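S.K.: Okay, here's what each chain looks like letter by letter:
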Amino acid sequence: MKIDRRKFLKLASCTGIGLGLSAADIFKDTVEASSGHSAVSTAATRYAMVVDVRKLQTAEEYQRIVSACNKIHNIPTLIPEKDDIKHEIKWIWNDTYGHAFPDQVNYYHPEAFKQKLFPLLCNHCDHPPCVRVCPTKATFKRPDGIVQQDMHRCIGCRFCMAACPYGSRSFNFVDPRPYIEDKNPEYPTRTMGVVEKCTFCSERLEKGQQPACAEASNGALVFGNLNDPESEVRKILKSNFSLQRKPELGTMPSVFYVIGGEEYAG
Amino acid sequence: MLDKALKGGKKYWTLVIILAAMSGVGVLTYLQQLKYGLGITGMSRDVSWGFYISQFTFLVGVAASAVMLVIPYYLHHFKKFSKIVILGEFLAVAAVTMCMLFIFVDMGQPMRIMNVFLYPTPNSILFWDATVLSGYLLLNITIGWATLHAEKRGTAPASWVKPLIYLSIPWAVSIHTVTAFLYAGLPGRHFWLTAIMAARFLASAFSGGPALLIILALIVRKNTKFDPGKEPIQAVAKIVTYAMIANVFFILLEIFTAFYSNIPGHMHAFEYLFAGIEGHAKLVPLMWTSVVCAVISLFLLIPYKFRENETLLIIACITVFISLWIDKGFGLVIGGFVPNHFGTVTEYWPTAKESLITLGIWSIGFLVLTILYKVAISVREELGTAKSEY
Ligand code: SF4
Ligand code: SF4
Ligand code: SF4
Chain A
1 MKIDRRKFLK LASCTGIGLG LSAADIFKDT VEASSGHSAV STAATRYAMV
51 VDVRKLQTAE EYQRIVSACN KIHNIPTLIP EKDDIKHEIK WIWNDTYGHA
101 FPDQVNYYHP EAFKQKLFPL LCNHCDHPPC VRVCPTKATF KRPDGIVQQD
151 MHRCIGCRFC MAACPYGSRS FNFVDPRPYI EDKNPEYPTR TMGVVEKCTF
201 CSERLEKGQQ PACAEASNGA LVFGNLNDPE SEVRKILKSN FSLQRKPELG
251 TMPSVFYVIG GEEYAG
Chain B
1 MLDKALKGGK KYWTLVIILA AMSGVGVLTY LQQLKYGLGI TGMSRDVSWG
51 FYISQFTFLV GVAASAVMLV IPYYLHHFKK FSKIVILGEF LAVAAVTMCM
101 LFIFVDMGQP MRIMNVFLYP TPNSILFWDA TVLSGYLLLN ITIGWATLHA
151 EKRGTAPASW VKPLIYLSIP WAVSIHTVTA FLYAGLPGRH FWLTAIMAAR
201 FLASAFSGGP ALLIILALIV RKNTKFDPGK EPIQAVAKIV TYAMIANVFF
251 ILLEIFTAFY SNIPGHMHAF EYLFAGIEGH AKLVPLMWTS VVCAVISLFL
301 LIPYKFRENE TLLIIACITV FISLWIDKGF GLVIGGFVPN HFGTVTEYWP
351 TAKESLITLG IWSIGFLVLT ILYKVAISVR EELGTAKSEY
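Going down the list, the sequences are from chains A and B. Residues in the first sequence are numbered consecutively from 1, following my numbering. Residues in the second sequence are numbered consecutively from 1, following my numbering.
Just so you know, these hints were derived from the structure itself, not from any lab. Possibly wrong hints are sitting among the right ones.
To be verified - Some chain B residues near chain A, calculated using beta-carbon distances under 7 Å:
1. GLY37
2. LEU38
3. ARG45
4. MET107
5. GLN109
6. ARG112
7. ILE113
8. ASN115
9. VAL116
10. THR121
11. LEU186
12. PRO187
To be verified - The list that follows gives simulated cross-link-like pairs (lysine to aspartate or glutamate, EDC-like), each with its CA atoms no further than 16 Å apart:
13. A:LYS71 x A:GLU215
14. B:LYS35 x A:ASP175
15. A:LYS86 x B:GLU389
Bear in mind the structure is a predicted one, so any value in this text is a computation, not a measurement. For every residue, glycine included, the Cβ atom is placed at its ideal position computed from N, Cα and C.
Let the hints inform the model, and build the full structure from the sequences given.
M.R.: Rendered as structure tokens:
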């Protein structure tokens, strides 16, 4: 079966099916998806985040995570309220289960669970649609799995925003600089007209630091290498039931949610 | 031949000045957008494409529809189209010009637009769209100009023109197919994720474009010596009729799939567009206008007795145009974004400035069209061949 498909791909790419796209590229997703998770990124490193929402209780704890990111990444949080819903920039934010997992809701979830908040951020998908559609490679996937954004190349076409099924991306509809609360001189600010999103704190990883949100989370957000069987993220995933957002879309998110159960039953 | 555009009567110059003034307003408003950002539009984090991209989508259809004249004339030697085919080719030129301008004004960083070609990315449909659109523009300018030039000298077009004409046929289909692929390949956007998208695009293009062409041809006939002929107009009307039937049929197929399957994601956009969700219903009146126009147009188009009457035909063409403009130039793009990925509703409505820029681009397009039509008509008036014998 597998061999047949490979043969087909080879043939297809030789005949140049599909506007000169390499057919292997087009069908790659299909092949990998149908042969299960084993065919996902086999790189030495694939960064991932496990969010254990059981460990997040107070509003303050939730806020601390978001603020940590906002602060060091110069997120313009002061955009006037009337424009907020339109022009908001966010890399990480909290939302309810129903909004985070709209396709996995049932009427009988415990009320407490329905109210429970989930920190949402870019999933650094293994098969990122945002990367697939970008006409300039301004958004690209690094070998370590981080989906990165080049703010100097981005033309602001917002195709990636249409393509990301998680609403992870924000566009600078206006100049963000006047709306930054405390500028962090060590991190670049952005110009108007470009798209941005969570970078898994690539700038901090370079220095051997943990992502800022994970650091501020008291262990609720754990960051690590998904392709290392000994990593902490793998250990947590091995011993707990976890969810990914919209797994049916084949994007293979690298952010996992451990939800627990009993504590909501009351 | 361009000198023909400089000599014209009062009517011509009034039209040119009005269009130029409206273009000017558009350009000035665009300068504001350049300074302040796309924040002057109604777009948002949730509805990240709006009027600009939807006009672009609609106009790609208008551009592609030239092929509905080129195929009968050049492939089937349908001589009756000999006068009208140039109107189609020049309409395509104007439409593609507008398409490119709409893409340009939609960019957050327009100065970097060449990045699309500096870092060619074959896996991005937008890259292909930019490529095929540029090609189509060149093809139609070249073909239109070369055939007109030959006609002026009373010779047959140069031998290299024919292959270009044949090439333009699949090329026209490709521009609209690729444009449909911008939408139809995105995971999680149920409204767009449909295999029938490209077919729907072509059907609506092949009715909306020729409908506009009939309107234009009749305007031209009324105001100049140029007459594309009665029979050719009726032939185009037939194309409009069948394409419109196909278009409505395709939409009904979508509605069946969404509602019979009862899958919420597939129904939501239709619910939002035609009924509103939780009181969010800004697009509902527009969408129903589109439906009513579609029904009226079919009622006037299908019985041939009605469409043979040119007054009724004009009404039919106007209703086709309005119906499709709303459906594609509004509902299709916005519907794909509402509700958003969290199941909540952020509505979109174009702002005044956004509408002025949009109007400005339409004016530039019609200015280009007016000038090109003027040249074509003057050439034929001088030759004494402005009247079709059909
Ligand atoms: S979550 Fe969205 S932005 Fe992030 S990698 Fe996936 S598709 Fe791209
Ligand atoms: S907005 Fe920027 S990152 Fe997104 S698709 Fe366009 S060029 Fe790429
Ligand atoms: S990983 Fe870094 S960039 Fe991403 S949300 Fe956390 S703090 Fe922000």
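S.K.: Looking back at the numbered hints, which does the structure fail to meet, lowest number first?
M.R.: Going through the list in order, the structure violates hint 15 alone and respects the others.
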